[in-house]
Structure formats: C-alpha cells, structure tokens
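A.B. asks: Given these sequences and hints, build the entire structure.
Chain by chain, the residues:
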Amino acid sequence: MSDVVVVDYGAGNTRSVRAALTHLGVTSVVSSDPTMIADGELVILPGVGSARSAMDHLESTGADQALRDRFATGSPILGICLGMQLALDHSDEDGGVDGIGLLRGSVHLITEGRVPRLGWAIVEPWGDAYYFAHSYAATCPHSVATSEGVTVAVERGAFLGVQFHPEKSGSAGLAFLERCLSPV
Amino acid sequence: MPLARLIPCLDVAHGRVVKGVNFVGLRDVGDPVELAKFYSDGGADELVFLDITATPEDSATMTSVVAEVADVLEIPFTVGGGVRSVEDAIRIIESGADRVSLNSAALADPNLIGAIARRYGRQAVVVAIDAGDGVVHTHGGRVVTTTKTIPWAVEAASRGAGEILLTSISHDGKREGFDLALTAAVRDAVSVPVIASGGAGSAAHVAEALRIADAALIASIVHENPAGLPGLRREIQELGIQLRPMKELI
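The listed protein sequences correspond, in order, to chains A and B. Note that the numbering used here numbers the first sequence so that position 56 is 56, with each residue one more than the last. Note that the numbering used here numbers the second sequence so that position 87 is 87, with each residue one more than the last.
The set of hints was computed from the structure by calculation and includes no laboratory data. Cβ atoms here follow ideal geometry from the backbone N, Cα and C, with glycine treated the same way. Take the hints with a grain of salt, since some may be wrong.
What the hints assert, rightly or not - Pair ranges (Cβ atoms, derived):
(1) B:E235 <-> A:I110: 24 to 34 Å
(2) A:T22 <-> B:I90: 17 to 27 Å
(3) A:T73 <-> B:K148: 52 to 62 Å
(4) A:G95 <-> B:A108: 24 to 34 Å
(5) B:D71 <-> A:A175: 11 to 21 Å
(6) A:T139 <-> B:A108: 18 to 28 Å
(7) B:G240 <-> A:T35: 47 to 57 Å
C.D. replies: Pasting the structure below:
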C-alpha cells in the first residue's frame with residue numbers, strides 16, 4: 001500500500017502537485033504502473049499537456065484501464081485540469097480524443113472571453129478563488145461547481161475532478177487538497 | 001473574465017535576484033526562493049522570473065532555481081530569458097515552472113511558439129514583446145527591429161501564444177504610469193489575455209492598466225518595499241479593481 005499516487009503521463013506537472021502534498025505532510029509517489037494505481041490510498045491524475053498525448057501515454061502503460069478498475073471499486077481518484085477532462089467520454093482537443101470514460105460528458109473549446117482562460121476566479125458554491133489555465137471546458141451532467149458559467153468541478157462516485165489547479169491556488173488550494181486527503 | 005492579476009517580476013542573474021530589492025526583513029534579499037515565497041504570502045497572484053544573463057553556463061543554475069521555487073511556491077510562475085529552444089522550454093517546465101516566456105527567440109524563430117504550445121498547451125507559452133515607436137525591440141531593448149508591434153502580437157497569438165506580455169520601452173522604469181494606448185491597441189488586436197508592463201509607480205497606475213489589461217507586471221514599486229505588497233493590493237482594490245480575495249491578508 002502506498003500513500004498518494006500521482007499518475008505520470010509524460011507531460012503532467014507532477015512536481016508541483018507533489019510539492020503541495022509534501023507541504024501538507026503527505027508523501028507521494030509518481031507512477032503510471034497499474035498495480036500502484038490500484039493500491040494507492042488516493043490517486044491523483046494531474047493536468048498539463050494535450051489530451052491526445054496524455055491518452056496515448058495512459059493507454060500505452062495500461063493506466064487508463066487501471067483507473068477504470070479502480071473507479072469501479074470505489075477507491076478515490078482526484079483529477080486536476082486536463083486530468084478532470086480525460087475522465088470524461090470525449091474531448092474535442094487535438095481533433096477529437098476519447099477519454100477514460102468514468103463520467104458522461106465532453107470537452108469543448110471555450111468560445112467566450114479571452115482564451116486561454118487564465119487566472120484566479122471564484123468557484124461557486126464554494127466561494128473561494130482558485131487558479132485556472134485552460135482553453136477547453138467540460139459539459140457534464142455530474143457538475144458540482146461552476147465559475148463564470150463554466151463547469152469547474154465534476155463528481156461521480158469516487159471520482160472528483162476540478163478544472164482549477166489546487167496545487168497553484170495558494171492557501172485555498174491547499175485547503176481543498178487537505179479536504180480531498182481527509183478520508184485517506 | 002477571471003480576476004485581474006498582480007505579477008511581480010524578479011530579475012535573476014547567475015541564480016540571484018538583482019535590481020534593487022530593498023528589505024530588511026529578508027535574511028537574503030538575493031535569494032529567489034525566499035523572495036518568491038515572501039511575495040506569494042504577500043498577495044502576488046503569479047510571479048515572473050527573468051533570467052537576465054542567460055548564458056549557457058547559467059542555464060543549469062536557473063534550472064535548479066526553478067526546481068527550488070516550484071517546491072515552495074503554491075502560485076503559478078513563468079520563467080523567461082534564455083528560453084531559445086523547445087529543449088530549453090522542456091527543461092524549465094519539467095523543473096516545475098508553469099509557463100515559459102519567449103522574447104527574441106520567438107521573433108528569430110516563430111515556429112518555436114507553436115512547438116512549445118503543442119507539447120504543453122498554449123497556456124504554457126507567453127510571448128513577451130518589448131515595444132517602442134510602433135516596432136518590436138529585442139535583446140533587452142538594445143536592438144530595434146523593423147517588426148511592427150501589433151501585427152507581431154497577432155501573429156504570436158495565432159501561432160499559439162497563450163498570453164502576451166507587453167512592455168513599453170519608453171515607459172519602462174520611469175514610474176509615470178503604463179502606456180495605456182499601446183496596451184489597449186494590443187488587447188483589441190488579440191483574443192488571448194494581455195499583461196501590461198512598464199511604468200508602474202503607484203496603485204493608481206496599476207489600477208488604470210488593469211482596466212485595460214488582464215494583468216499587470218510590477219517591479220521596482222514592489223521591490224523597494226516588498227512588505228508593502230498587501231497594502232498595494234488593498235489600494236488597487238479600493239480603486240475598484242477586483243483582485244482575488246485572500247482571507248490570510250485580511
């Protein structure tokens with residue numbers, strides 16, 4: 001058994017996520033190994049990079065199936081930014097990419113305001129501001145929080161996905177991560 | 001639109017912060033890690049590190065600075081200066097930076113913008129433009145090119161820049177306010193966010209820039225009094241600009 005497993009898919013910013021966990025006194029490992037993904041107390045799917053290369057990487061290591069199996073057993077998974085988007089059925093990014101499919105929903109290019117959507121924004125109904133950096137946004141029936149009309153958190157069963165970067169959202173982000181860790 | 005951002009810029013040479021940071025409360029004013037943490041705690045929404053020497057032998061030093069900063073900072077940061085290739089960008093981003101800023105290198109090889117954006121997403125690529133008299137300047141303002149500012153900003157965004165960092169050469173360092181006309185012209189020409197830079201001398205200057213731009217870069221106004229950052233934020237907010245709420249600063 002291992003503490004927190006941060007899933008490696010080649011381009012994720014695993015360093016910042018791990019630094020935030022360290023700050024909270026939690027040790028973590030970076031891995032794409034299916035056994036580690038099955039056994040971790042909490043699995044974090046971080047987010048940076050493009051949907052296609054991330055899915056290719058997850059498929060080549062079997063991490064995608066390991067995440068589906070883990071989800072089916074009800075063990076917690078946290079998806080961050082691209083990690084949230086990859087958990088849905090489909091993304092329009094890179095000409096269209098099928099996701100892991102833990103939740104119904106799809107990902108589309110943002111068409112309002114300046115794109116990428118960069119910076120801090122208030123998340124409702126939680127009330128705090130978190131840091132965002134994204135050009136694509138989710139449409140999902142499992143939305144649990146929004147920001148300026150954009151779906152920014154989705155939850156179904158043991159999966160919680162957030163569009164913002166808690167590891168880059170100062171004290172509000174650390175408090176969010178701490179809440180995610182509390183059942184661990 | 002997300003909230004306006006206040007972005008202190010730290011000039012780094014040989015792994016040390018240079019250019020007039022005055023503060024008695026810091027053990028080591030030249031330490032980028034300590035200063036970054038101090039600004040983050042004081043209400044910076046983001047930070048920019050500019051490697052102003054960026055010689056090949058400094059790149060290893062900068063990489064280790066980036067890694068150390070990433071380990072203590074819980075806000076995003078951008079690294080510029082010395083990013084001349086995709087390999088440089090990989091090195092900086094894999095060390096923990098959120099974004100790289102390209103300046104002269106993007107002008108010399110515009111394909112670099114798209115190459116980095118394809119790998120990390122366009123939010124990871126900032127194109128910095130030093131502008132004066134309608135044209136782009138490079139190499140810290142020492143070289144005046146024939147490239148027109150607005151068309152270059154448009155091209156950079158279309159090639160994959162996720163943000164334009166616009167510095168007015170004529171206003172930079174004078175502390176008499178930002179070049180609002182130039183900032184507005186670039187903002188109107190592109191659909192990506194714009195960071196205004198050059199000329200911040202007061203909270204009122206920053207507030208008027210933030211009515212036009214998505215973010216403001218600040219340097220000497222904060223470096224001469226790092227402990228004054230929370231007060232500067234408050235003043236800007238009192239002028240009607242909404243910044244992110246920070247419970248720990250109240």
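A.B. asks: A separate judgement is required for each hint: does it hold in the structure or not?
C.D. replies: Structure-based check of each hint:
| no. | hint | verdict |
| --- | --- | --- |
| 1 | B:E235 <-> A:I110: 24 to 34 Å | 32 Å, holds |
| 2 | A:T22 <-> B:I90: 17 to 27 Å | 23 Å, holds |
| 3 | A:T73 <-> B:K148: 52 to 62 Å | 59 Å, holds |
| 4 | A:G95 <-> B:A108: 24 to 34 Å | 30 Å, holds |
| 5 | B:D71 <-> A:A175: 11 to 21 Å | 19 Å, holds |
| 6 | A:T139 <-> B:A108: 18 to 28 Å | 41 Å, violated |
| 7 | B:G240 <-> A:T35: 47 to 57 Å | 55 Å, holds |
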